[in-house]
Each structure stands twice: as structure tokens, then as C-alpha cells.
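A.B. asks: Chains A and B, in that order, give the protein sequences.
Following my numbering, the numbering of the first sequence begins with 1 at its first residue and continues without gaps.
Following my numbering, the numbering of the second sequence begins with 1 at its first residue and continues without gaps.
Hints listed in this document are in silico derivations from the structure and should not be mistaken for laboratory results.
Think of the CB as a built atom: it goes at the ideal place given N, C-alpha and C, for glycine as much as any other residue.
Be aware that a few hints might be false.
[Said to hold, decoys possible] Stretch-level coverage of chain A by chain B, calculated; a stretch enters the list once three of its residues show a Cβ under 8 angstroms from a Cβ in chain B:
1. 154-162
2. 168-182
[Said to hold, decoys possible] So these bits of chain B aren't anywhere near chain A, every CB distance computed over 10 angstroms:
3. P107
4. H330
5. G421
[Stated by the list, open to error] Simulated DEER-style distance windows between Cβ atoms:
6. A:L147 x B:L211: 21 to 27 angstroms
7. B:S208 x A:Q268: 17 to 23 angstroms
8. B:L414 x A:Y27: 44 to 50 angstroms
9. B:G62 x A:G311: 23 to 29 angstroms
10. B:K165 x A:F131: 40 to 46 angstroms
11. B:Q212 x A:V43: 53 to 59 angstroms
12. B:L211 x A:T231: 35 to 41 angstroms
13. B:P243 x A:F143: 33 to 39 angstroms
14. A:L316 x B:N157: 47 to 53 angstroms
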Amino acid sequence: MLYREAGDFKTSYKDDAQTFPIKFDRYRYYAVLLVGLAVVPFVINDYWVNAIFLPFLIYSIAAIGLNILVGYCGQVSLGTGGFMAVGAYGCYKLMTAFPEVNILFHVIAAGGITAIVGVLFGLPSLRIKGFYLAVATLAAQFFLVWLFNRVPWFYNYSASGQISAPERTLLGVNITGPNTEAWASYLFCLVLVFFCAWVARNLTRGSVGRRWMAIRDMDIAAEIIGVNPLTAKLSAFAVSSFFVGISGALFFSVYLGAVEVGEAFGIQKSFLVLFMIIIGGLGSIFGSFAGAAFMVLMPVLLKNTLVGTLGWPTDLAAHIEFMIVGGLIVTFLIAEPHGLAQLWRLTKEKLRLWPFPY
Amino acid sequence: MKFKLAALALGAVMAAAPALAELVVPSLSYRTGPYAANGIPFADGYHDYFKLLNARDGGIGGEMVRVIECETGYNTEKGVECYESTKGEGSLVYAPLSTGITYQLIPKASADGIPVHSMGYGRTSAKNGEVFEWVFNYPANYWDGASIAVKHLIDENGGSLEGKKIALVYHNSAYGKEPIRTLEELSAKHGFELALLPVDHPGQEQKSQWLQIRRDRPDYVLMWGWGVMNQVAIQEASNIRFPMENFIGIWWSGSENDVMPVGAGAEGYKALNMHLPGDDFPLYDELKTHVYDAGNATGAGDQTGSVLYNRGLYNALIISEGIRKAQEIHGVTDITPAQLRDGFEQLTISEERMTELGLPNFGPAIEASCENHGGQGLGIVQQWNAADQSWVQITDYIESDKEVINALVQEDSLAYAQESGIELRCQ
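The shape of chain B in the complex, shown without the other chains (with noise of 0.2 angstroms):
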């Protein structure tokens, strides 16, 4: 009897250890609401590429990676539920999909020492890691995005954008609002005239936008949209007959979901991008061997292969190896977030990497140090392909005007270093 319950206990210490020693990725998705359509891919993507982890790696460095789902709804109310539910389980990074969590987790995750990587979106200052130590938003940001966008346009018209009409399309909100300082500062410097055209959310109503936009006649439209907001814009745009090579749209306006429903009249609408888009890379196979075949996609299986698919893989490849990297300086399997954290901040992705991993070509090779969260803000420029279907890609990877960037930078973290009382590091 003894050696039963002895038995017992020791099986239930063994059955216990592993669920102990794991990896805690927590997902803040959203697959409801007004921004599902964009937030479905990511998540699968995301989710995707930790099980390929799992499946044919067991997990990173020997540790399985637990990935936690959380349905935020794109809600700033229940992001909070989800971070608060998913803080006790030992999640190692938060990666919410939305400026605006984001902006409510930079404090509190700040606070209880957990990393937060907003790839690509939420706060573009949180660049600098002089003042946000928690928070690493490479491979690019908002207002590298906007100069990029800025700088192809001046390649198109023989190096200058004097006297031409830009106008911004955007979502009313954080997230939509965070390139103006930046265009209102490349307009000085490049003698462009910007305007400004609001679009609230959820943005199904943007009738009186394009119509403004079919009296002034701008030369190019830029746009900051997400969800329903981007296949609404496209199809506004298409109305009006609007040249679409002149329309642009930034990485989150640029998936195959947004440009479907208008059909051939989104031929020739152009996006950024920060990674390449389609499938034709050797990490698929593996995936479809270890993942699909296997019966393991994530949700509905169908979204492989497409932009913000490929984004979601971006996430966790970028996310593995930070976690990689804090296990080997460290040297142990099981890391704390605090771990995490140097990992990320000492993070090199360089192109050898990245064909190791099966992307080659991928993504632009990342650079992480202690006063740069931000990555070399790199990023290409795509364009619709509606016969197709499919992105091409037209441009290399365009460097963002560091000049002016670096400056705007500089002015809002270390206004908000001021407000919130913090000490700048890296000294």
C-alpha cells in the first residue's frame, strides 16, 4: 500500500514537472467583431508556428512552448481581462495586435516586468529603449512606415515631391493618428501640401471622405486602416475611379483580405510590407508536414500563405528567438520574462538566420541593443496583383529617413519619460 501511494505520488510529480517547466505565449487574438477579418490570419500564423516548434523541434531549446489564446475583440476592456488572466501563468511576452492595448500594457507590463513586443504598431517612440525597457517594436514602426511610403513616392517622381497633394486616410484613433507629426515633418521638409481625413471607427461610413478626396483631387492617398475600414477604403476608392497605383496603403492596409472583395477594381493598389508575402519558401513544406498534415492548423486552415499569415509567423519566429537567445545567455531552458527581456534587447536575426529558418529573403536582418527596441526600420513596397490574386512585390527594402525619425523619437520618449518620472538607461 505504502509503495502504491508512494508510486502514486512520485507519478504525480512526474506528471506534474513538465506542465512546470514550459513556455508561456500568451495570444491576445481577435476572431470576432469588426476587425476579425485581419485578426484570424495573425492568430493562425502565430499559433501555427510555435506548433511547428513543438512538433518537430520539442519546443525551443528542449522547453515546449504553451501558446494561451485570449479573445480581445480588438476591446481595450477585455484586453485588460485577457492580460490580468494570462499574467499568473508565467506569460514570457505580450503581443496584443492593437495600438491601443498596447498603449494600456506599456505601464503595466512595464510594471510587473514583462516584455511587450508590439511588431510594428502600437508606440513608435517605445523605439527607444533609453526610456521604455520592456517594450521592442522591431522590425519597423508607424513613422518608418510613413517615410517609407514618403520616400517611394520621391523615387517615382524623379526625386521630388514639391508642390504635390498627399492626403491621409485614417483610422480615428491611436493607431490611426500616429504618422501625422511625422508626414506633417517630411511635408516641411519636402515641400509636399498633406491633408488630413479622419474615418471613425469601426469605419464603414466613409462616403463623405471620398467624396472630398474626388473634389481636391490629391496626387497620392496614404491610408492607416485596419479591419472592415481597408476593404470599405479600397472599395470607396475603386467608386470613385481613383488611380490605385496612387493609393497606398500602410502594412496593416495591405492584405489579401482587404483587396478581395473589391474584385479587379483593386488592381494596382499598392501596401507596405515588412516582410515578403506568399508562400514559396521552405518553411511551408515543413509546416505542412508536421503542422497541416498532421490535422494541427490553427482555426479554419485556410489562411496560409496570405500577408498577415505570414505576419503572425514573423511574430513567433521573431519571438522564438528572442526566447532562444535569453536561454543562451543564461544558460538555462526554463526563462523568467526578465530573461526574455535581455534576450530580446541583445535580439540578431541576420540573413543567414533567416534561411536557416526557412525564410530566406524573408524579412530584413534585425539589430536589437539596449538604446534601439526599434529595428532598422526597413520595409518594401507591394502592389495588388487582382488577376492573380496576389501581392508582387516592386520595390527592395527602403530605408526609413532615420533624420527625421530619430528626432521625433528623441522628443516624445523622453516627453514621456519626463511625465512618467523615468530614468533613462543605457547610460
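The following block holds chain A by itself, in its conformation from the complex (with noise of 0.2 angstroms):
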């Protein structure tokens, strides 16, 4: 009916060849972006920023950075958090170190950082494949997290080893500290979350998503055609930790404003934001999204519904919330292997030949 390509003429290669090619979906990607951008920063208070915006949103790059890394070029990845911390003690040392530069940069080039670290840690994804990367990196998960809580250097040599957010600006407006406004810490990372996906997007689309699709396919194959496992593999590491630094940069600085590395960047983390993309789809940059949303909103939606709504004890209510969200997840693996993209995909299928689908 609405979401169809019945004439929605193209005319040149430009226009087939763009991201949105069906117009309702387009208009969609548009009106969502105009929600986002112009009417959610007027109406939204603290609780929404910090419990539901904020943690969705700097899941969902931190997913994009792994997805490319695990879906698009298939090097199993388990340090996600290791990488995460790396984000944010390199913003942190950043806004001490220099506290006049705007926040912006610090956490862009908290990103450079981790990106020169994932690299040295994709180095053994040269030789090693499939589970045996995936231990490899687990050792990059423990070597981080031991690293930032033996240093003293990384935390400015504080008592307590936890690093805190100081205030800093962008343009005169607080972006960290406690006194943010909750439309400014929510509009900064949506603006960067924006800038992810839009790059992530691209260059999936591109050469370099494609060579990074030939090596996880079949990497032989992909070497005979000409693409080189050493580039391939180390700018998909890069590319991937840049993503999952600016995520921890913001999770610390943002979001938490205080962290200690054991309990914020554990190995939990990583397994967390691997879930995000398996459940979301492998592969997808949608699907980084609906899998950030799946994990981070479905328990507090429980929780407020089990014990705001219907007043059950908070125990009970915690423990309830794990079945059901592990039940959820074994079910929609169940249904769709391929994870919250692919149904979508396929709804969209379906749509498309509505009222005859087949």
C-alpha cells in the first residue's frame, strides 16, 4: 500500500544507488531524524536522558563498532569492553590533560586512540581464525582492564582508582559534569550516534565494506581476487575500536561521569554488546540499533512495569526480569536465527507485495 516502489521513478545511478531507495522508507529515516533532532530535546527530562536515551544510545555506536568488526568482517571479537575502557581513560586523561580543547575533540581522538590500540590487538587476527581470535582478544578483554587498575598513571593517581568526569563544555554548553542540561548530553550523543551510522553506513557500501565482506565470506577467495588480508582485517580492527572508543569515551564521560574500570568495562560488557548484535543481526547497521534497544530498554521496561505497575517485590521482579529476557532471547534466535534485522527485512518483503504476499 504505502511502502511500495510503484512510481517512485529513478533517473539517474546516483538516485538507485542511495541508501533509502524505497520513498516511504525514506521519508521514514527523515521523520525520525526530525524527532530526534527537533522534538525530543524539548520534552525530555533527566530520567529519560539517563535511564533510556543516554545508555541506548552509546550501546548502539558501541554495537556498529562491533558489528562491523564481527558482521561485516567476521573476526570474532571479545574484548569490547577492554576497547571500551581504552575510549574512556584516553578521554579522561585527555580533559585533564588538556581541559581548554571542547569535549568534541577529546572524545574523537579518545577514538584515534583506541583505534591504534585495536589495531595493535588485531595484529593476530593475521595468522588465527574464528574461536581461536576470539580467546585472543579475550586476552586483550583482561590485559586492558588489568592494566587500568595496576597504572596509577591512568587515574591521575586518585585514592580510590575511579576516574571522574569533570565539567567540560562544547560551545558554552555542559556536555559532562553534573550540572548538564539533560537536553545537551542527549543531543551530543545523538549527534555523534548520527556521524557513526552515517560513516558505518557508507563505507559498508563501499570498497572497503566490501573487501571486509569478501574476507569474512571466504578468505582464501578473497585473497585470490585480489584483497588484502593484512589492510582488510587491520582497517576493519581500526575502524571498529574507533567506534568503540567514541562509545566508551561517552559512557564514561557522558552517561556515568564516574567509572572503575573491573566493574563498568568487565568481560561482561563485551559478552553484552556481542549479544546486542547477534540478536540484532549480524551484518546490519539497523539491526545494531534494534539490538542496543532489545538489551538496554527491554529490563527497564520490565522492571517498570513488574514493580511500578504492578508492585511486586524488587527481588522477585530482578529475577523474573532475567527469565524473561533470556526466554525472549532463546526465542527470537529460535525463530530467526539472523536476529531483529532480518525479521524486519522480511516484514518489509512482505509489505512490498502487501496485499498478496507469497
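Reassemble the complex: the two chains are provided individually, in unrelated frames, and hints are given to aid placement.
C.D. replies: Here it is, written out as C-alpha cells:
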């Protein structure tokens, strides 16, 4: 009915190759952007930002980053938590060393630092594959957390080993620190999410992304047709770590404000982000968002329903929550092993053929 | 019809009115996860005390207390969610029972103007009220704890620890790292050697640390543990036959849940405490009449009289006394968080007052001031009797070494003030 190509004529190659070739999809995308940028900031309050939007947006960046590495390039990584920690501690060191520079540059530079570290830990991927690579990246996870716990320079010799984000601004508006307005931190993260998703989408559509996918599908065949595994794998590690680093920097500076490495960036964070992309859909930007939304918003929704509306005891609700989320994950993976993104893709196919889908 | 509508409207107003005038006290508890064994008794005690006040006295100063419980799982992200979701309900004070969450709440709550009462945990230098306007950590803090433990050891060794070796087994987090600075200062002052043995979250894996203790043979072991880490450490100490009377835990490592699983092996294990253990107090009779027998006990109701249940009671007692003080100062019963802050700052709980409240000799007298948000820093040492399954108080209240601690508090809090651009108060 609404969702179809009929009457939507393309007269140039550019039109034909655009991200959203279907008119309805395109307008939906513009509408979401408009609501996100121009409506939400005016109606948002502290609870919505700190409990819902910030975690969703920040985990989305991390999921996009990991999806590039695992979903597009086929290199399994369990080091996400460690790389997020690099972003967070990089951002902290930059924020305290150069207080006059605005926070946007610190966050991007933290992403850059993480990209370098990611490439270093990506070097083993040239020799080992699959589960063995997962174990190598697991070593990165433990080593990085140990490093940030062990070397006091990283936390500026504070007595507790915690790092706390000082107040930093962008164009005179507070972005980090306790006096930040809800809309400011929201918009800051939203703009970065938009930037990351846009870059990721266009990278994966272009020659770089095709090289990654060739490596993922069969690395020997890729090498024979002229893909250099060294540059392809290391560029995937670099880009992926760049995004993960940005998300770590935001996680620390904008969202939590104070972190300690073992608790915030432990192995469970690596698993959480990996689950996000598996549930959302490997090799899909939309899947990264869907997975992040599922893993972040579902527990909050369940908590608010069970405790807030039904008035259950908090411990019972917390246990039931684990069971429901776990059950849903299993159900989704049985019903659709390719994740939420594949469900969405199928729905779109059906909609295009509606009212006579086959 | 008009009359009916008016009556309905009036009824609605009357029904809504008491809901507005309420004292909202959130309880950020954790009844799940690796720290639940310690989180449950505390949350039960905390809630039961307010239930008692509501049932017996009709609240505090005629205002009912509403406790909102929110599960954090000792996790900082959930802690943030809990803070934001309860903040809007008019919460008066936060007591998150987690050093990590406290660190996060200090700047947030200060900006929002809500007091934080981190009783014996959190940021130690918050004792300095000149810098930390909204944070209170009386009756004692970690550095007091470190000093009290060392003083107890000095007493046991006839006045000197020269040449002794003390190992610190600590949770490798902000919580466990807190006492290190103080212990380093104390080791320089008293001439003992300090060895540091970190244990990573959640603390189920401690074989290597205890192997090291077996090899290095320290004279004493101090522990900053929490949750499942406590039980494992005491079990490991018992496995390597470390003399239990030379093993001292902080007040967060000295509850029944920590020693019971080890059975007879835990006999003689020592821990600090900031109040007395046991249920031999008149308050328990009142709790029985008004709360337990009415079928209102929080949770399973099986934690009464345990160390951490008592601490939950004590925490709620201090908060309710703060509320009373605030009502007295400002002459209103429905107080705001800012008014409660004033109450906390001028709080005095004398020993007579403790007796009046049904807890004679339960805790030390507290006297806060604008400069001192940390109380007097007193603590006892208690020892586990495995046969009776009870904690026995073995010392009087010991006062911490203020000379060392005040200098450290001053240094750390002023560094924070400079970092965050805070102007000193109380001048």
C-alpha cells in the first residue's frame, strides 16, 4: 500500500544507489531524524535521558563498532569492554590534560587512540581465525582492564582508582559534569550516533566494506581475487575500535560521570555488546540499533511494569526479568537466527508485495 | 448532582492530600547478584525501622514515611536508573550501600540538592563538610576503620608493631582501595610492613592470594571484602590454617552470612563494627509487637538480629533523627531535601537519646557540624564464636588516629575541591 516502489522513478545511478531507495523508507528516516533532533530535546527530562536514551545511544555506537568487526569482517572479538575502557581512560586523560579544548575533540581523539590499540590487538587476526581469535581478543580484554587498574598514571593517582569526569563544555554548553542539562547530553550523543551510523553505513556499502565481506565469506577466495587480508582485517579492527572507543568515552564522560574499570568495562560488557549484535542481526546497521534497544530498554521496561505498575517486590521482579529476557533471546534466535534485522527485512518484503504476499 | 460532584471532588482532594505530605526515603537495595547475601539483611533492617515508626508513631513528626525500594544489583548503571526514577518522587536522602554508586551520586546529588548518607562507605574525604556540602558519612569511615584495626593490633602487641608484617586482602575496586593510603601512612608511622593483595570482582577466585599468604606468612591479615568475597576469603584462610584471631575484616566483612558457611573453621575470626551485634535491645520488642507480629516484616523476615540487619536499622535511625532535627529547625513537618541537609549537619545523637530510642549502648554518640560530616570515628572489634553462632564484642569503642586521618581527609578533599571548582564553606 504505502511501502512500495510503484511510481517512484529513478532517473540517475545516484538515485538508484541511495541508502533508502524506497520513498516511504526515506521519508520515515527523515521523520525519525526530525523528531530526534527537533522534538525530543524539548520534551525530554532527566529520567528519560539518563535511564533510557543515553544508554541506548551509547550502546548503539558500540554495537555498530563491533558489528563492523564481527558482522561485516567476520573477526570474532571478545575485547569490546577493554576497548571501551581505552576510550574512557583516553578521554579522561585528555580531559584532565587539556581542560581548555572542547569535549567533542576529546571524544573523537579517544576514538583515535582506541583505533591504534585495536590495530595492535588485531595483529594476531592475520594468523589465527575463529574461536582462536576470540581467545586472543579475550586476552586483550583482561590485559587492558588489568592495566588500567594497575598503573596509577591512568587514573591520575586518585586514592580510590575511580575516574570522574570534570565539567567540560561544547560551545559554552555543559556536556559533562553534574550540571549538564538533559537536552545537551542527549543531543551530543545523538549527533555522534548519527555521525557514526552514517560513516559505518557508507563504508560498508563501498569498496572497503566489500573487501571486509569478502574476507568474512572466504578469506582464501578473497585473497585470490586481490583483497589484501592485512589491510582489510586491520582496517576493520581500526574502524571498529574507533567506534567502540567513542562509545566508551561517552559511556564514561556523558553517561556515568564516574567509573571504575573492573565494574564498568569487565568481560560482561564484551558479552553484552556481542549479544546485542547477535540478537539485532550480524552485518546490519539497523540490527545494531535494534539489538541495543532490546538489551537496554527491555530490562527497564520490565522493571517499570513489574515493580512500578504491578507492585511486585524488587527482588522477585529482578529474577523474573532475567528469565523473561533470557527466554525472549532464545525465542528470537530460534524463530529468526539472523536476528531482529532479518525479521524487519522480511516484514519489508511482505509489505512490498502486500496485499498478495507469497 | 452538583453536590455529589462537589463531594466527589472533596473526597478526591482529601484522598490526595495525605499522599502529598509524605516523607519519601528511597532504598537503593540489592537482593540479587553476588552481593545479595549482604544486601538483603541491610535492606530488610532499613525498611523495617521505618515500618516501625509508621506503625507505632504514625511516622516522624506526624508525617508518614514512604520507602521506595529499587533494585541496583550493586551495579552502577542500574544505580543511575534507580536514582533518576526515584528522584522525581521527592526523595529526601540516598543511602545506596555501594561505594561505586556513591561516587557517582556525589556530584549528581550535590547538583540536584539531595543529601547522600553513605554510612561507613563511599568517599572517605566526604567527612570534610567544607567541601562536601551534601554528603554525610558518619558515624565512621574506611580510614577510621583502617586505623582502628591497626590500633587494636598495637594493643595486642604491647604497644608496638615494629617489624611486623600485615597483609591487606581487598576488593579490587574503589571500595577496597580506599584504606590503602591510610595503611601506608600508618605503616610508616608504626614501622610495620604492608603487603597488598587485590581480589577481582566478584571475588570467588582467591586461591593465588591465599597461596601467597601461606608462602609469605604475614603476622596479620586485614580484609576489605564484600558479598561472596568474604565467605571465600574466610574459607581459604581456614583451608591454609591461618590463625583466625590474626585475621581482621572491616565492618563490611563481619556479618553472619560471611562466617556461617565456613562452620567451625571460622572460629575466632575478628571484624570491626560501628555498632553492637545481636538482638538484645528493647527496640526489638517494639519491632516484634508492631512489625513482625503484624506480619509486616520486610523480605523473608529471617534476618533479624544479624549484624547487617542491625546496620540497616542503624542507618534508618540516623536518617530519621536527621529528619526530626530538620523538622525542629525549620518548624515544618513536610521537609524538603535541603532542609534535611540542615538537619543532618546539626545532628546530635547522644547516648541518652539512643537509650530513649530503645538501643542503649548500641552505637557511639554522634555529633555533626558544618566542618565534620563524618562523626567521631569510633568502632569496636568483635569476634566470631562458631559454637554459639554469635558475634562477641571484645573491645570497647576505639577511637581512630585523628592526626593521620584528618591530614589525609584534608589533602584529598581539597584536591577534589580544586578539581571541581568548589568554594570552601563554613568559613
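A.B. asks: So, for every hint listed, does it hold in this structure?
C.D. replies: Structure-based check of each hint:
Counting residues of the stretch 154-162 of chain A whose beta carbon lies closer than 8 angstroms to any beta carbon of chain B gives 4, which reaches the threshold of three, so the coverage claim holds. Proximity of the stretch 168-182 of chain A to chain B, defined as three or more residues with a beta carbon under 8 angstroms from a beta carbon of that chain, is established by the 3 residues found. Its beta-carbon lying about 4 angstroms from the closest one in chain A, P107 (chain B) breaks the requirement of being farther than 10 angstroms from that chain. The beta carbon of H330 (chain B) sits about 26 angstroms from the closest Cβ of chain A, which is more than 10 angstroms, so the claim that it is off the interface holds.
Not every CB of chain A is more than 10 angstroms from the CB of G421 (chain B) (nearest about 8 angstroms), against its label as outside the interface. Between L147 (chain A) and L211 (chain B) the beta carbons are some 24 angstroms apart, a value that agrees with the proposed interval 21 to 27 angstroms. Under the hint 17 to 23 angstroms, the C-beta atoms of S208 (chain B) and Q268 (chain A), about 22 angstroms apart, fit the expected range. The beta-carbon spacing between L414 (chain B) and Y27 (chain A), approximately 57 angstroms, falls outside the hinted interval of 44 to 50 angstroms.
Here the CB-CB span from G62 (chain B) to G311 (chain A) is close to 26 angstroms, well matched to the stated 23 to 29 angstroms. Taking the beta carbon of each, K165 (chain B) and F131 (chain A) are about 44 angstroms apart, inside 40 to 46 angstroms as hinted. Between Q212 (chain B) and V43 (chain A), the C-beta spacing of about 57 angstroms keeps the proposed range 53 to 59 angstroms intact. Take L211 (chain B) and T231 (chain A): their Cβ atoms lie about 46 angstroms apart, and the range 35 to 41 angstroms is violated.
The hinted range of 33 to 39 angstroms is satisfied by P243 (chain B) and F143 (chain A), whose Cβ atoms lie roughly 37 angstroms apart. For the pair L316 (chain A) and N157 (chain B), the supplied restraint of 47 to 53 angstroms holds, since their beta-carbon distance comes to about 50 angstroms.
Going through the hint list in order, the structure does not satisfy hints 3, 5, 8, 12.
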